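K.L.:
One-letter residues, chain by chain:
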Amino acid sequence: MRLLEYEAKSILTQYGIKTPKGTLLSRNEDPADINYGPCVIKSQVPIGGRKKQRGVLDSDEEPELDRQIQSVFETEIQGYRPAMVLIEEKVEVANEFFMAVTYDTVKKRPVAIFSSEGGIDIEELAQKEPEKICREHFTFRDGLAEYKARQIIADTGISDKLLLGVGSVLSKLATIFIEKDATIAEINPLVLTRENELIALDCHLDIDDDALFRHKDLAGLQKDGSRYEFLHSQTDFERKAAEIDNLDHRGVAGRVIEFDGNLGLIIGGGGASLTAFDAIRAHGGKPANYCEIGGNPSVKKVKELTRHILSKPGVEQIAVIMNVVSNTRVDLVARGIIKGILEAGEKPSETVAVFRVPGAWEEEGIKILKKYGVRYCDRKVSIDQAAQMAVSQG
Amino acid sequence: MPILANENTRVIVQGITGREASAFTKDMMDYGTQVVAGVTPGKKGQSVYGVPVYDTVRQAMRQHSAEVSIISVPPALVKGAAQEAIENEIKLIVIVSERVPRRDTIEILEMADEKKARIIGPNTLGLISPGHIKLGMAGGPVDDLVKAYKPGEVGIASRSGGMTTEVANLLTNNGIGQSTCVGIGGDPVVGSNFIDLIPLFDKDPDTRAVVLFSEPGGVIEERLADYVMENKIKLPIVAFIAGKFVDEMPGVRFGHAATIVEGDRGSARGKISRLREAGIHVADSFSDISRILKDYL
Chain A
1 MRLLEYEAKS
11 ILTQYGIKTP
21 KGTLLSRNED
31 PADINYGPCV
41 IKSQVPIGGR
51 KKQRGVLDSD
61 EEPELDRQIQ
71 SVFETEIQGY
81 RPAMVLIEEK
91 VEVANEFFMA
101 VTYDTVKKRP
111 VAIFSSEGGI
121 DIEELAQKEP
131 EKICREHFTF
141 RDGLAEYKAR
151 QIIADTGISD
161 KLLLGVGSVL
171 SKLATIFIEK
181 DATIAEINPL
191 VLTRENELIA
201 LDCHLDIDDD
211 ALFRHKDLAG
221 LQKDGSRYEF
231 LHSQTDFERK
241 AAEIDNLDHR
251 GVAGRVIEFD
261 GNLGLIIGGG
271 GASLTAFDAI
281 RAHGGKPANY
291 CEIGGNPSVK
301 KVKELTRHIL
311 SKPGVEQIAV
321 IMNVVSNTRV
331 DLVARGIIKG
341 ILEAGEKPSE
351 TVAVFRVPGA
361 WEEEGIKILK
371 KYGVRYCDRK
381 VSIDQAAQMA
391 VSQG
Chain B
1 MPILANENTR
11 VIVQGITGRE
21 ASAFTKDMMD
31 YGTQVVAGVT
41 PGKKGQSVYG
51 VPVYDTVRQA
61 MRQHSAEVSI
71 ISVPPALVKG
81 AAQEAIENEI
91 KLIVIVSERV
101 PRRDTIEILE
111 MADEKKARII
121 GPNTLGLISP
131 GHIKLGMAGG
141 PVDDLVKAYK
151 PGEVGIASRS
161 GGMTTEVANL
171 LTNNGIGQST
181 CVGIGGDPVV
191 GSNFIDLIPL
201 FDKDPDTRAV
211 VLFSEPGGVI
221 EERLADYVME
231 NKIKLPIVAF
241 IAGKFVDEMP
251 GVRFGHAATI
261 VEGDRGSARG
271 KISRLREAGI
281 HVADSFSDIS
291 RILKDYL
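Residue numbers (the working numbering), protein chains in the order written: chain A, 1 to 394; chain B, 1 to 297.
Calculated directly from the structure, the hints in this document are not laboratory data. Every value quoted in this text rests on a predicted model; they were computed, and no experiment measured them. Watch out, some of these pointers could steer you wrong.
[As the list claims (entries may be wrong)] Not everything, but these chain B residues come out facing chain A in the computed CB check (under 7 angstroms):
#1 P52
#2 V189
#3 H256
[As the list claims (entries may be wrong)] Over the 12 angstroms line for every Cβ pair with chain A, so calculated as not near, a few chain B residues:
#4 T9
#5 Q34
#6 Q46
#7 Y49
#8 G50
#9 G131
#10 N173
#11 G218
#12 R223
#13 I233
#14 R276
[As the list claims (entries may be wrong)] Footprint (simulated), chain B over chain A, 3 or more residues, beta carbon under 8 angstroms:
#15 132-138
#16 176-189
#17 231-244
Here a beta-carbon is modelled for each residue, glycine too, at the ideal position from N, C-alpha and C.
Start from the sequences, fold in the hints, and give me the full structure.
P.N.:
Take a look at the structure:
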């Protein structure tokens, strides 16, 4: 879960990292009585690159302010619209730095990253001038002691009092990363002001969803749907499919993503869905949807998902493809598919483009499929061969 | 020859009284795996399919001694369970549990490094060395398992548990047996990734080629390409990357937590070209995996 900038900054403040003076304004709140000098208006949406997308505006003139605030509120960024904007005092910048703490997923260690060039896209800098980025791996047992933070900062040529200040901020950021179960903690830029203060102008904190159980406050944020609007979250088709997946707790028949093709897909599990979807397209098929089923979903869920996919305009056939299953029962999947097709008033023998689910209880499953004249194949037929059969059928 | 474990390996199961764990304990024993004890705090004296249950790993080790533990406990308890196993000198730990906090995974790996223990997972179905041993849920019950897996000379490492069996099934259908098949786990950080396992397969005299099943997301394939070039690995490797369409949908998380393309990072396209530069075969279609392998066997 990515925190909003102001949420992240309030955590920085708790750990003693300075942020600009600012006011949070929610939609419909009157900014009139606030006394602003030159300021920055920042859209509170959970994505990066806001400035390029008109989500962050500089304001120097008072008369323009209201109009600019309105503009930021109305600007949609990659499907997100803010419920709040942050209005911050403009800071006189003498110098900018980049710092981040994240996981090196290959070395399997947390890593602190520092560059004396802040305010830029670090990925770009890493490609163009990798020597300007310094890294230091550390362990959770030891944390990132200030001396370690200073080691990498000093390598970029910073010394003097500034080294102590920046080192302290980076060490604190590492503490936040550890204590808040972050997967990314980034300050970009950290600025040195003309008054020799170190201030975090922007902050990006991503919290591990799987660790929210031990952060009640942050878990509460995740459940709060009023922090921002997500306009393109789901199509009606996808929303209905998610409701079907929630019918009971037995297995998964979900993660439905709508596509504009005509071949309905009931595929699973995770890796096999990716394989099957690619294979359908490689053979010239046009999927109507992506999905993942697995973990032995109930007959009811499979039936409802089948009906739902068939209800999509233009979809006349469904391909059912899974990897060799051990914890999903083939016969239950077969039963669900057939029931769904019958309830939709269609013929299973014409509607199933291919049924390829080998594994547990397959003999029972095949009996059912044979009874309805459904085209099936067994484990001798690979996933991409089954996809080819499904496409040539349609 | 199997890597990691063999028919003489003794195994304990932490969380053995859980529904899932007791089911795979039975499946493992049916396949011949020596499950010598189980651990569930507070349940000492019970037994699961004849396997005695103890309160602590220490008790279990005093009575039986084992080299491997399989951990199947709720996510919040995984770190403690792994620490207990490591402190009690278990050298191979297979973490089946899903949704383990990433910080806990890394802390487990820090402890494991100190005691020279190896971790497989989290979020793995486990591993199988056909004809020798099965650890965890991989392959399911024996009747199903033996249809998909047969002993042989090709190793498998997969980011998807289910697809480990599917790859084995493809090979078996084409007359190709397997040495050891490892589900490495679907999380962004796992204890033993492709770079950790390739040297083990490389050293194994009976593994003549390896199949990697991969997905978009992360940079392990890119780093593996570097590793193979730097270390001049001669072992033939055939990779398959599922989810090429995911490249068109950056920011959307698929199936496994790790399967997400962030900007240009982790795209299937990028991985395929880096792997090929390193001389690793990348199968365009799933069935191509066995066709390519036949040149090396």
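K.L.:
State for each hint whether it applies.
P.N.:
Checked hints:
1. Interface hint status for B/P52: violated, as the beta-carbon distance to the closest one in chain A is roughly 26 angstroms, over 7 angstroms.
2. For B/V189, the shortest C-beta to C-beta distance to chain A is roughly 5 angstroms, which falls under 7 angstroms, so the interface hint holds.
3. Proximity of B/H256 to chain A holds as hinted, the smallest CB-CB distance being about 5 angstroms (cut-off 7 angstroms).
4. In this structure B/T9 is separated from chain A by more than 12 angstroms, as the shortest Cβ-Cβ distance comes to about 22 angstroms.
5. Against the 12 angstroms criterion, B/Q34 stays outside the reach of chain A, whose nearest CB is about 21 angstroms from its own CB.
6. The non-interface label for B/Q46 is consistent with chain A: the shortest C-beta to C-beta separation is roughly 24 angstroms, beyond 12 angstroms.
7. Here B/Y49 stays apart from chain A, with its beta-carbon at least about 18 angstroms from theirs, past the 12 angstroms limit.
8. For B/G50, the condition that its CB be more than 12 angstroms from all CB atoms of chain A holds, with the nearest at approximately 22 angstroms.
9. The beta carbon of B/G131 sits about 18 angstroms from the closest Cβ of chain A, which is more than 12 angstroms, so the claim that it is off the interface holds.
10. Separation of B/N173 from chain A is inadequate, the least Cβ-Cβ distance of about 6 angstroms not exceeding the 12 angstroms criterion.
11. A cut-off of 12 angstroms between C-beta atoms contradicts the statement that B/G218 is not in contact with chain A; the least separation is 5 angstroms.
12. Under the 12 angstroms C-beta cut-off, the non-interface status given to B/R223 relative to chain A is violated; the minimum distance is some 5 angstroms.
13. The Cβ of B/I233 lies farther than 12 angstroms from every Cβ of chain A, with a closest approach of about 16 angstroms, so its non-interface assignment holds.
14. Its beta-carbon lying about 17 angstroms from the closest one in chain A, B/R276 satisfies the requirement of being farther than 12 angstroms from that chain.
15. Three residues within the 8 angstroms Cβ limit are the bar, and the region 132-138 of chain A against chain B gives 0, so the coverage statement is violated.
16. Three residues within the 8 angstroms Cβ limit are the bar, and the region 176-189 of chain A against chain B gives 3, so the coverage statement holds.
17. A stretch counts as covered by a chain when three or more of its residues have a beta carbon under 8 angstroms from one of that chain; for the region 231-244 of chain A and chain B the count is 0, and the coverage is violated.
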